[in-house]
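Participant: Residues per chain, in single letters:
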Amino acid sequence: MASYRDFLDYAESFYSQAKRASELGQGTVAERSLIASLLLSWIAMESFINNMMADFAALPPDMFSLPERALLTEQKLEFMDSGSEAGQFRVSDTPEYRRLEDKILFLVAKFGMGTKLDKGGHLWQSFEAVREKRNQITHPRKSYDMSLILADAEDALEVAKAIIRMVSEKVWGKAIGL
Amino acid sequence: MQILFDSGAKHDPNVETEVNQFLAEVKTREQESNSPIIIYQDGKKGSYYIKCTIPAKVVCNFLDLNARLDPTNDASYRANRELLLKHHTYLRMRTDAEEGREFHDLIVEYSKVYNPEKPLKVWGGQHRSKAIQEALEVKDVSKDHGFRVYFGLSKEQRTDLALVSNTNISVSNDLFDRQLEETLVGTQLREWCVRVGLLNQGEDFPDQASRSERISVQLARTFLVNFFRGEAEGAKLDERELDRHVYEPYLCQSGAFLDPEYEEVIRRLGKGLWDNPQLIQSGKAFALLHQTQRDAVEKGKDIEKRKGFKNKALTASVLTGWSFVAGLLQSHPQRLNNLFQIPKATREFPDPLNAKGMSTFHHDEDEATYRGLGTRSSMKDRQRMAQVFLAKSTSPDTCLDKGLLNKAVSQVRAIRSWKSGYSPL
Numbered sequence: 131m132a133s134y135r136d137f138l139d140y141a142e143s144f145y146s147q148a149k150r151a152s153e154l155g156q157g158t159v160a161e162r163s164l165i166a167s168l169l170l171s172w173i174a175m176e177s178f179i180n181n182m183m184a185d186f187a188a189l190p191p192d193m194f195s196l197p198e199r200a201l202l203t204e205q206k207l208e209f210m211d212s213g214s215e216a217g218q219f220r221v222s223d224t225p226e227y228r229r230l231e232d233k234i235l236f237l238v239a240k241f242g243m244g245t246k247l248d249k250g251g252h253l254w255q256s257f258e259a260v261r262e263k264r265n266q267i268t269h270p271r272k273s274y275d276m277s278l279i280l281a282d283a284e285d286a287l288e289v290a291k292a293i294i295r296m297v298s299e300k301v302w303g304k305a306i307g308l
Numbered sequence: 563m564q565i566l567f568d569s570g571a572k573h574d575p576n577v578e579t580e581v582n583q584f585l586a587e588v589k590t591r592e593q594e595s596n597s598p599i600i601i602y603q604d605g606k607k608g609s610y611y612i613k614c615t616i617p618a619k620v621v622c623n624f625l626d627l628n629a630r631l632d633p634t635n636d637a638s639y640r641a642n643r644e645l646l647l648k649h650h651t652y653l654r655m656r657t658d659a660e661e662g663r664e665f666h667d668l669i670v671e672y673s674k675v676y677n678p679e680k681p682l683k684v685w686g687g688q689h690r691s692k693a694i695q696e697a698l699e700v701k702d703v704s705k706d707h708g709f710r711v712y713f714g715l716s717k718e719q720r721t722d723l724a725l726v727s728n729t730n731i732s733v734s735n736d737l738f739d740r741q742l743e744e745t746l747v748g749t750q751l752r753e754w755c756v757r758v759g760l761l762n763q764g765e766d767f768p769d770q771a772s773r774s775e776r777i778s779v780q781l782a783r784t785f786l787v788n789f790f791r792g793e794a795e796g797a798k799l800d801e802r803e804l805d806r807h808v809y810e811p812y813l814c815q816s817g818a819f820l821d822p823e824y825e826e827v828i829r830r831l832g833k834g835l836w837d838n839p840q841l842i843q844s845g846k847a848f849a850l851l852h853q854t855q856r857d858a859v860e861k862g863k864d865i866e867k868r869k870g871f872k873n874k875a876l877t878a879s880v881l882t883g884w885s886f887v888a889g890l891l892q893s894h895p896q897r898l899n900n901l902f903q904i905p906k907a908t909r910e911f912p913d914p915l916n917a918k919g920m921s922t923f924h925h926d927e928d929e930a931t932y933r934g935l936g937t938r939s940s941m942k943d944r945q946r947m948a949q950v951f952l953a954k955s956t957s958p959d960t961c962l963d964k965g966l967l968n969k970a971v972s973q974v975r976a977i978r979s980w981k982s983g984y985s986p987l
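Protein chains in written order, with the numbering used here: chain A, 131 to 308; chain B, 563 to 987.
Extracted from the complex, chain A is given alone in its bound form:
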């Protein structure tokens, strides 16, 4: 299974390809490489954050509250209205996928050694800009024009690395080399 490092490598590779195609005036090749690069940067972040969530999900269940456990395992929290657990909440087997930003916020708040995530800061603002671009690609609509330039893919790569570094520093207490 590919790791976040692999996805970052793929993203960089597509970025280089886009840059070359752009220099040669091959607009279509450049565009599809930019799309691939930006999405792969996002996937690298997802991979890293999901695996970190899975680390905590491997701990004995009673180390977390039920909502936390539901978030960590991305499963639905449900209220039981029948059976032996009637009247209680439980983490069900039904998947409930969470937004990447929520997972990052949770990890930093819970294990960030008391530090806070500055949502008004440059990194988070850049992250939100990349998310916007990513949403435009994955949820295309004719009402807006999806235009990508090299700087978008470059920003996405930088943001992915910076987010991974930031979360690893806050949660693991060490920056990983990228």
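Check before you lean on any hint, since a few could be wrong.
Said to hold, decoys possible - Once the Cα atoms are required to be at most 30 Å apart in a straight line, the calculated DSBU-like pairs of lysine-lysine come out as:
| hint | chain 1 | residue 1 | chain 2 | residue 2 |
| --- | --- | --- | --- | --- |
| 1 | A | K206 | B | K969 |
| 2 | B | K942 | B | K798 |
| 3 | A | K291 | B | K798 |
These aren't lab readings, by the way, just hints derived from the structure by calculation.
Starting from the structure of chain A, add chain B where the hints point.
Facilitator: Just chain B, lined up with the frame of chain A:
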């Protein structure tokens, strides 16, 4: 001929008698030229010795290359490393000897306590001695060689001599360990390993573990220390607490000094240590795991026949992790029993330690150069392997599949983060 004590040497009539006996038996060049023989005394350990020159044709028959640290104990194995007769350095020595090279400062002990027909026990220069013998035997070359001959050595002086003589050449820490073990502790560790099946009858610890496929002194000591460290820790924890800690399996130091943790275990537990039934049971279970792993790799069709796979149990992180957990679970018999169960081989998991799965394992925390679980001896790997075996102990049929490896390593990482940065929300 005249025998004198050096000005720095305290007169000892017993030593003088032994020197006389030696000179009566072995004809040196000094005797031929009627030069005085001077008895020196080592400033650090107080050992007595003389310097002399002896022709090969005289000395060869007296040389004993199987010197023992404890001459009175038949269980004492030869203390020196194995002769490397195909090593290029030795081949060069032999050619030199055949071409008339004279060697100097060969270190021998004069002793007739064992193998009396060969009273010169070689402690330093066993390869040169062998080269001298072969040059005489094969090419009839006999040159004069310089010797330091020691007399009346105590066990401590002898060990020191063995260690000092071997620092001139590339000698492994495993050889130091073996020598120190026998001198300072005895033969019990080796006997214990034979008893539980980690060594065969008559087999000794290797003098170079990296080239051997046997348990080393360092690893055998490590097994014992971890078992008792784990046992002490496990006694303080209830079942619920067991999986909420990251444990720190210990790796004994190797080399010229006895590991302090091992020394402490020996001091604290005394002779009862070697007959401890729980330790023996765990030793046997580990030996069975090791043997099953070896057999699976040697005989299995679905696994690469790599030495590293075959001897996976004897890698530092695996052995430390397993022995620590075996101790930890002494207070938790059901889980101990689960740890001891060796999973049935399947096509997917032909070997109990899943060596291939371990070798390809990688966590996001790891550098890109990480070589997989159970390959290094670092604390991080030892902690991870302890958690792997702890996870294995949760049920009897659990095998070390990818899911278990992932879960165990995730737990190590998550517990560390939990302990350092958890904030109840």
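Participant: Next step is simple, just say for each hint if it's right about the structure.
Facilitator: We went through each hint and held it up to the structure:
1. K206/A to K969/B: Holds, at roughly 22 Å.
2. K942/B to K798/B: Roughly 23 Å between the alpha carbons, so the hint for K942/B and K798/B holds.
3. K291/A to K798/B: violated (43 Å)
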